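Construct the complete structure from the given sequences, taking the supplied hints into account.
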Amino acid sequence: MSTELLHGSCHCGTVKFEVRTAVAPAARCNCSLCRRKGALMTPAFAAGELKILQGEEALTLYQFNTRTAKHYFCKHCGIYPFHQTRTDPRRWRANIGCLEGIDPYTLEAAVANGASLSVVEDA
1 MSTELLHGSC HCGTVKFEVR TAVAPAARCN CSLCRRKGAL MTPAFAAGEL
51 KILQGEEALT LYQFNTRTAK HYFCKHCGIY PFHQTRTDPR RWRANIGCLE
101 GIDPYTLEAA VANGASLSVV EDA
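Heads up: the sequence shown begins at 1 in UniProt numbering, then just goes up one per residue.
Since the hints were made in silico from the structure, they are not lab data.
From a predicted model like this one, the values you see are computed outputs, not experimental measurements.
No farther apart than 27 Å at their CA atoms in a straight line, the calculated lysine-lysine pairs in the DSSO-like style are these:
1) Lys16 with Lys51
2) Lys16 with Lys75
3) Lys16 with Lys70
4) Lys16 with Lys37
5) Lys37 with Lys51
6) Lys37 with Lys70
7) Lys51 with Lys75
8) Lys37 with Lys75
If you anchor each label on the Cβ, the simulated ranges turn out as follows:
9) Ala24 with Glu57: 31 to 39 Å
10) His76 with His7: 17 to 25 Å
11) Ser116 with Lys75: 29 to 37 Å
12) Lys75 with Pro25: 24 to 32 Å
13) Ser116 with Arg20: 26 to 34 Å
14) Arg67 with Glu4: 30 to 38 Å
Backbone N, C-alpha and C define an ideal beta-carbon position, used for all residues, glycine too.
Written as structure tokens, this is what we have:
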């Protein structure tokens with residue numbers, strides 16, 4: 001898996017970040033949250049590979065279920081740029097749709113079975 005330094009942002013541009021990661025193999029998650037937001041995610045990467053360049057104060061945190069995963073959203077435009085994973089909290093994933101120069105519709109995506117991790121009923 002070849003990594004590269006990629007730049008990304010939320011829709012309104014308030015949150016800007018860079019991340020060293022690969023884009024393939026991309027993944028979709030079938031947990032109750034990811035099913036609703038429909039994002040295509042990068043492979044998991046170490047927390048140190050993500051750097052927020054601008055707008056950290058505009059990020060809002062959403063947690064549910066076991067409250068292990070940390071899902072971040074821009075509080076102005078609502079876009080999800082990245083999250084800390086539940087299966088390994090030392091790892092993160094970025095929303096490929098937020099990355100500059102990457103067309104998420106050209107990538108194959110496996111399904112991560114996040115639904116099997118749920119300990120509560122779906123809303």
